[in-house]
Amino acid sequence: MNKWFSSIGLFVACLLVIGCGGRESDRGDGTPENSNDDKITIALLPKLKGIAYFTSCAEGAQQAADELDNVELIYNGPTTASADKQAQMIDKWRLQGVDVIAVAANDPAVLSESLKKAQDAGITVITWDADAQAEDRSFFVNQATAEAIGSGMVDTMANDLGGPDAAGDVAIISATATAANQNEWMKHMKTRLASYPNLNLVATKFPGEDQNAAFQDSQDLIKKYPNLKGIFGISSVSFPGAAEAVKQAGKTGEILVTGLSTPNDMQPYVKGGEVKTVVLWNTQDLGYLTVYAAAAIRSGELKQGATEFTAGRLGKKLISGDQIMLGDILLFTKENIDQFDF
Amino acid sequence: MKKFAYEFFLLGLICVVLAIAAFLDPLFLSSDVQIELSSEIWELGLLTLGMTLIIITAGIDLSVGSAMGLCSVSLGLCMHANLPTGVCVLACLATGLAAGALNGSLVAFIKVHPLLVTLATYGMYRGFAEGLQSATTNAPVDASEGIKALVTGNFPLIQILFTALTAWTAILLGRTATGRGLYAIGHNEEAARFSGIPIAKLKFWIYTYTGLLAGLAAISYSARRSATAEAGLVLELDVIAAVVIGGTSIYGGRGRIAGTLLGVLLIHETRQFVDWYWQRSELTLIVIGTLLILAVLGHRFLFAQDPDTH
Amino acid sequence: MKYRREASLIVLVGALSFLATLFDASFVPANAIDILINSIPTMIISCGVMLVIITGEIDISVGSLLGLLAATLALLSSTAEPGLGIHPYLAIAIVLTVGTLIGLGTGCLVVYGRVPSIIATLGLLIALDGAQDWLMGGGDIKHFPQELRYLGTGTTIPINLILTILVVAGTGLLCHKTALGRRIYAVGSNPSAARLAGISVTTTKLFVFALTGMLTAIAAILWVAKLGNVSTSTGAGLELKVVTCVVVGGVSIRGGRGRILGVVLAVILITMIRTVLNFMDLGSEAVKWQRAIEGVMILVAVTSDHFTQRNQPGGKS
Amino acid sequence: MSRTSKPLITIENISKSYGGVQALSKVCLNILPGEVHGLCGENGAGKSTLIKCLAGVVSPETGTITVDGKPLSHGDIHATEAAGIAVIHQESTAFLDLDLVENLFVGREIKKYGWLNRRAMERQALAVMHRLDVTLDLHTPLREFSIAQRQMVEMARACLRDCRLLIMDEPTASLSARETKTLLGLVKQLRESGVSVLYVSHRLEEIAELCDRVTVFRDGRLVATTPIDQLDRNQLIGQMVGREINALTRREEHAGQTDEVRASITGLYSRGSFSDISFEVRAGEILGIGGLVGAGRSEVARAIFGADRYDQGEIKIDGASLKKGSIQAAIEAGIAMVPEDRQHQGLILPMSVSENLSLTILTEITRHRLIHHGHETAQVQHLMRRLAVKAANAKMEAASLSGGNQQKVVLGKWLAIKPKFLILDEPTRGVDVAAKAEIHRLIRELTEAGMATLIMTSDLPELLTLSDRIQVMCEGRIAGQLDGATATEEQVMRLAFPRSEAQLT
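Protein chains in written order, with this note's numbering: chain A, 2 to 343; chain B, 73 to 382; chain C, 36 to 352; chain D, 53 to 557.
Think of the hints as simulated: they come from the structure by calculation, not from any bench. Just so it is clear, the structure is predicted and the values come from calculations on it, not from any experiment. Hints should not be assumed to be uniformly reliable.
As the list claims (entries may be wrong) - Quick look at which bits of chain B chain C covers, simulated, 3 or more residues with Cβ under 8 Å:
hint	stretch
1	182-189
2	198-205
3	303-316
4	345-359
5	364-370
As the list claims (entries may be wrong) - List of simulated lysine-lysine pairs, DSS-like, C-alpha gap at most 27 Å:
hint	chain 1	residue 1	chain 2	residue 2
6	C	Lys212	D	Lys164
7	D	Lys376	B	Lys183
8	A	Lys117	B	Lys220
9	D	Lys442	B	Lys74
10	A	Lys317	A	Lys40
11	D	Lys442	B	Lys75
12	D	Lys163	C	Lys37
13	D	Lys78	D	Lys442
14	B	Lys273	D	Lys375
15	B	Lys183	C	Lys37
16	D	Lys376	B	Lys273
17	B	Lys74	D	Lys447
18	D	Lys470	D	Lys447
19	D	Lys447	B	Lys75
20	D	Lys368	B	Lys273
21	C	Lys212	D	Lys163
22	B	Lys273	D	Lys470
23	B	Lys220	A	Lys118
24	B	Lys183	D	Lys375
25	A	Lys318	A	Lys40
What the hints assert, rightly or not - Distance windows between CB atoms, simulated:
hint	chain 1	residue 1	chain 2	residue 2	range
26	C	Gly318	B	Leu233	40 to 50 Å
27	B	Leu229	C	Thr238	49 to 59 Å
28	D	Ser111	C	Leu201	35 to 45 Å
29	C	Thr238	D	Gly324	38 to 48 Å
30	B	Leu233	D	Gly371	49 to 59 Å
Cβ coordinates follow ideal geometry from the N, Cα and C atoms, glycine included.
Just chain A, same shape as in the assembly (with noise of 0.2 Å):
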């Protein structure tokens, strides 16, 4: 009986501390929300934290909230492109009340209740590189679709292969088998690789977060397919992992690799020769686009159904139907990649 008694005594002391805690702070609430109602609480959320791509978004992003002198910058996200610890992050930011949510979704199905919910709790919700269902949020920062992407990356590859007559093997080192951009882009990528009747697809690997296996896979490759001749390594492990198994195997020049990375994560390579071409935009302007948006947003300046709107140093950016336009691809060479700090 002593047990049950002594347990039972645990549990109420535990209510009571929550119990006490909250009527605590229900006595001095109500100020969090709206007491600072000239600043504009941005939240920032990336797929994932640590990767050269969002760390220089969010160096834009702080250029402008510097800028414009009523917004704080939040930026945080999960280490790993969860969705799942993405949506435990809008939702202790909808708790917290912050003003803007500005999300990179990793998966609009996983978010999408949480994204409902902030929204629902008064919230603007904005997404920006990867977006989410439609109805969850109110714009979308579009530096370019999946479609474009994964286009974008096979016109890269074939155009530095030969033009339209490309021939040759080409093979996709993606990340884990169901990554959910990845697998958008991929997607979009066959479609488009069936253009180039030359190009042939001959194998898709899936090293997942694994930089050792992401080598050995595209050294695996190198090997099984003489006719290789481009490798598309659509993960930030992926793609230097791919360029580094090129240089190694000593096919530089011979086989090409491609994807999406900032020049100065994949300057080495493009100056080595493995990479010809990468293919991105420019990420600070698209977290700088992203803030200036938000807090525009926000406060009103941009409503539905506008068709321009200007965000500081980029000027005039377009708005067509509820997705802001960054610009477009840029394409980084050896010729042109040193011009570019991000």
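Add chains B, C and D to chain A, keeping to what the hints say.
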């Protein structure tokens, strides 16, 4: 009371965390926030119930998170095929049961060390989950229709279920012959066998039970987020950490459900608050890892009655 | 049959090679060296973890530790932002020291703090992972000095492979030819008897943990030298791979038993599964099941012994 | 034997306590060169603690130990070794995963240029094995050796060093009579060569045969040190327990024995362990099984109890045949077993006495699927009274009891199920004289009340006094049967030895 000294110690730690929270950001302690954040605790809580039983027998199950992912995918597949909700839920639970039973039979009947079995199935279940999902739907399945009701409302079914299962597991462990048997196995498996305790049966049963709990956790997760192979990723670390922080000895034979619950609460509150206040995901990891080590050190130096076991 | 486990691992390696040869006649000559080179980090760390497991403890923090050490090395030696660009040899020395010290710290937690090793290293696994992410901050680090990269990519002489062979040979010698090695086995086999025989259990365990830390540092250096890129995911999941290799290699998880040869074979086996699957024409659908297939193979490897030995009488645990 | 007056070892005023319990208080003792010094006392009397102090495993709180006039530093194993003190500990110090040579040299390997010198170690190992007159393969892991063989390795390990004092803590506890004889011979041989031996044993016969002087301990104090020729058996026992104990008497008549066959075992066979085992045990009868260690007795016991599988044969309890390899089925049929290894198989040491006692009757004390604490306490109290378990209360950890009381708890937990057929495997190993007598009394009482009892023991006097009938096993077979009332030790031994060896002796 002396018997529950460690539980009070944990309670004290929770109070310290909450006091720090109250000092830094009282909003965190408001009931709204606490209730909202608690939606993440149920899966962790469910899995720790089974894990406590397993660790008390000196076993371990590294595969719970992966099994949860596999269950979630099987739920998603059934929903994708437009099967009735009941069938989907049953399929999910059956998957968990099967995953647990595989672990259980290898541990109990083939007598492979549980660390080895579940180390292997940890990779295998996740591999199957990812394979299944990418080979069929190739995306998480929205599970909001039908099972959403399980996690919403004033008294969501999942919480009632959790409470009931907690009570049941606690009684089982503290007051029944089965519970006595589990402790006996944990302390000295050979002597338990010579006393006629059905070791293989009990072991098989607890791993299977844990599998079933993984199925339940998968339903809860899928209803909150979506049915995906990502469900339960690295959750096993939290589960083991919570059980061990709760005072269960990794060597077996010692542990109580009350402690486990407090362990869950401590990990949950700490994690949520660090996430909430500092907004640095990596800091949360450092804090949780350190907390685990400190809690065990604390247990050793403040409460060790058996300094020379192992 | 003393070398039963080794024999069956050789058979498995042979069977896999044969299977791959069916798809590509030149599989073995073309890939043997590369498979060995790709197995280097796992191989080196497995040597340390094997010793830890033989003493009856376990270390599951090595993956995070490798990541943290690789990040440290990258920050110290990278010539571009945010690296400090200090001389690579100095950086290597620092990383080796840090690795050994962290290993020693782990040992102290286990030996003096009497925290069960699986729990202590689980805590470190989580905490060091966070520390790695904290250090890395911005993103991948590249631009390593040539002296460092040469360790991993020196084309004519694979220095990293030679180093690995030295580590493996050293571990073998330690195990079978030195008093310390004997004591490591003795401690795992019967700790109280070891104490009575005048062996310091404390020192022995501290030594194996510190050694594992140092070997992890070597693996981290070679990892960076080989791949030329450090990210926040570097080393993730390596600990489970290492433990899997060690137990598949026939080291008893209860301590006291195991040989380096088995572990080496197991590392090769588990590393080559990926390459063999890559060389088999799995097709675009089957490749999605690669991880599941690997999982099943590991489960079979881990449990096979128990199925075959089940009918022997009087199996004392 | 030359007796110099100057002692080799002088122990003065040694005290040691563990958590408030005084294990040794102000003990003074000296050991002369070339003497075999017996050490007696009930379990918990302080013998083991004294040995640990001498061995440098624990450091005493007060007092000094001097070797040849030089003080020995406390708690330093290496200093002890350097002083020429070697110990064969009571608990097994074998490294089962290491081979024989490795075991012999663990902790003091022979090195050459820093590397192990295997050849030199093998040479020395062979030499010492030769000296001990045992032949064992040098490269077999100890796991594959029998208990007795492992004991020999421990002996060899101690002999390997040129020790001046050899401490032996119950070295014959798990040895058969023949092996004991070899060992005693060896001790005598050591004495001849001038080595002192501190010999701890519960077996008074050995003490009488071997020792020059005997020191008796009781409750952490030294009672007396007496030359053996001034002491008879009963005085010795009297010193140990502080009161007279009725010495065991042979069972005079088969009281309570019936013709009702309780257990019948026919043609039991297990590959590699035993074959052709057939016998019957009747209600009210004690069947003793003798034989050398490793003859297969324990294996038969385990097979009957369902702890091990067997290949052929049948076991019937009250005419109903028993399911193979299931302890639960055996218990249901009314079989109980007190296993050989009390600490690992008999008891769950970290659990309380109460929990240990109720482990076999969990279903009985369960009401509405919950354990009923009232019923549990009642049952436990009853058992503790009946067995006279000396424990402060039932909530004490079983580990804190003395060996004899622990064994009573093991017995008690089986009496709780009211067994029809009780198997006892080495029931009094490491149990002090008083507890031993009580256990014997209890076994007889229960048997007379209609239980069938099967007892396996290496202790010949125990076998002869308790059994109604004796069967002797040799190399996995039953070598012959003797009548309990008339059998002699010689008869048992003759059957116990394999043929070829019997001719030699």
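Hints, verified against the model:
Here the stretch 182-189 of chain B counts 7 residues with a CB under 8 Å from a CB of chain C, which clears the bar of 3, and the coverage holds. For the stretch 198-205 of chain B, the stated coverage by chain C is satisfied: 5 residues place a CB nearer than 8 Å to a CB of that chain, which reaches the threshold of 3. Beta-carbon proximity to chain C at under 8 Å applies to 4 residues in the stretch 303-316 of chain B; the threshold of 3 is reached and the given coverage holds. Interface restraint, the stretch 345-359 of chain B with chain C: holds (8 residues with C-beta to C-beta distance below 8 Å; minimum three).
A stretch counts as covered by a chain when three or more of its residues have a beta carbon under 8 Å from one of that chain; for the stretch 364-370 of chain B and chain C the count is 4, and the coverage holds. Distance restraint check for C:Lys212 and D:Lys164: the Cα-Cα separation of roughly 10 Å lies within the 27 Å cut-off, and the hinted pair is therefore satisfied. Simply put, D:Lys376 and B:Lys183 have alpha-carbon atoms about 19 Å apart, close enough for the 27 Å limit, and the pair holds. Proximity of A:Lys117 to B:Lys220 is assessed by CA-CA distance (about 14 Å); at most 27 Å being required, the pair is judged to hold.
Between D:Lys442 and B:Lys74, the direct Cα distance comes to roughly 25 Å. Compliance with the 27 Å bound is thereby established for this hinted pair. Distance hint between A:Lys317 and A:Lys40 is fulfilled; the C-alpha atoms sit about 24 Å from each other, no more than 27 Å. As the CA atoms of D:Lys442 and B:Lys75 are separated by approximately 24 Å, the hinted pair is consistent with the 27 Å bound. About 26 Å separates the Cα atoms of D:Lys163 and C:Lys37, which keeps this hinted pair within 27 Å; it holds.
Among the hinted pairs, D:Lys78 with D:Lys442 is consistent with the structure: their alpha-carbon atoms are about 26 Å apart, no more than 27 Å. For a cut-off of 27 Å, the pair hint linking B:Lys273 to D:Lys375 stands: about 17 Å separates their Cα positions. For the suggested pair B:Lys183 and C:Lys37, the alpha carbons sit about 21 Å apart, so the restraint of at most 27 Å is met. Simply put, D:Lys376 and B:Lys273 have alpha-carbon atoms about 17 Å apart, close enough for the 27 Å limit, and the pair holds.
The suggested pairing of B:Lys74 with D:Lys447 holds, with an alpha-carbon distance near 14 Å, which does not exceed 27 Å. Our distance criterion of 27 Å between C-alpha atoms is met by D:Lys470 and D:Lys447, whose separation comes to about 23 Å. At most 27 Å may separate the alpha-carbon atoms for a hinted pair to count; D:Lys447 and B:Lys75 meet this at roughly 13 Å. Distance hint between D:Lys368 and B:Lys273 is fulfilled; the C-alpha atoms sit about 25 Å from each other, no more than 27 Å.
Our distance criterion of 27 Å between C-alpha atoms is met by C:Lys212 and D:Lys163, whose separation comes to about 9 Å. About 25 Å separates the Cα atoms of B:Lys273 and D:Lys470, which keeps this hinted pair within 27 Å; it holds. In summary, the hint linking B:Lys220 to A:Lys118 is supported, as the alpha carbons are separated by about 14 Å, within the 27 Å threshold. A C-alpha spacing of about 21 Å is found between B:Lys183 and D:Lys375, which places the hinted pair at or below 27 Å, so the restraint holds.
Between A:Lys318 and A:Lys40 the alpha-carbon distance is near 24 Å, which keeps this suggested pair within the 27 Å criterion. Range check, C:Gly318 to B:Leu233: Cβ separation about 42 Å, and the 40 to 50 Å hint holds. Remark: the range hint 49 to 59 Å for B:Leu229 to C:Thr238 is upheld by a beta-carbon distance near 56 Å. In this structure the hint that D:Ser111 and C:Leu201 lie 35 to 45 Å apart at CB holds, the actual value being about 43 Å.
Taken as a hint, the range 38 to 48 Å holds for the pair C:Thr238 and D:Gly324, whose Cβ atoms sit roughly 41 Å apart. Range check, B:Leu233 to D:Gly371: about 50 Å between beta-carbon atoms, so the 49 to 59 Å window is met.
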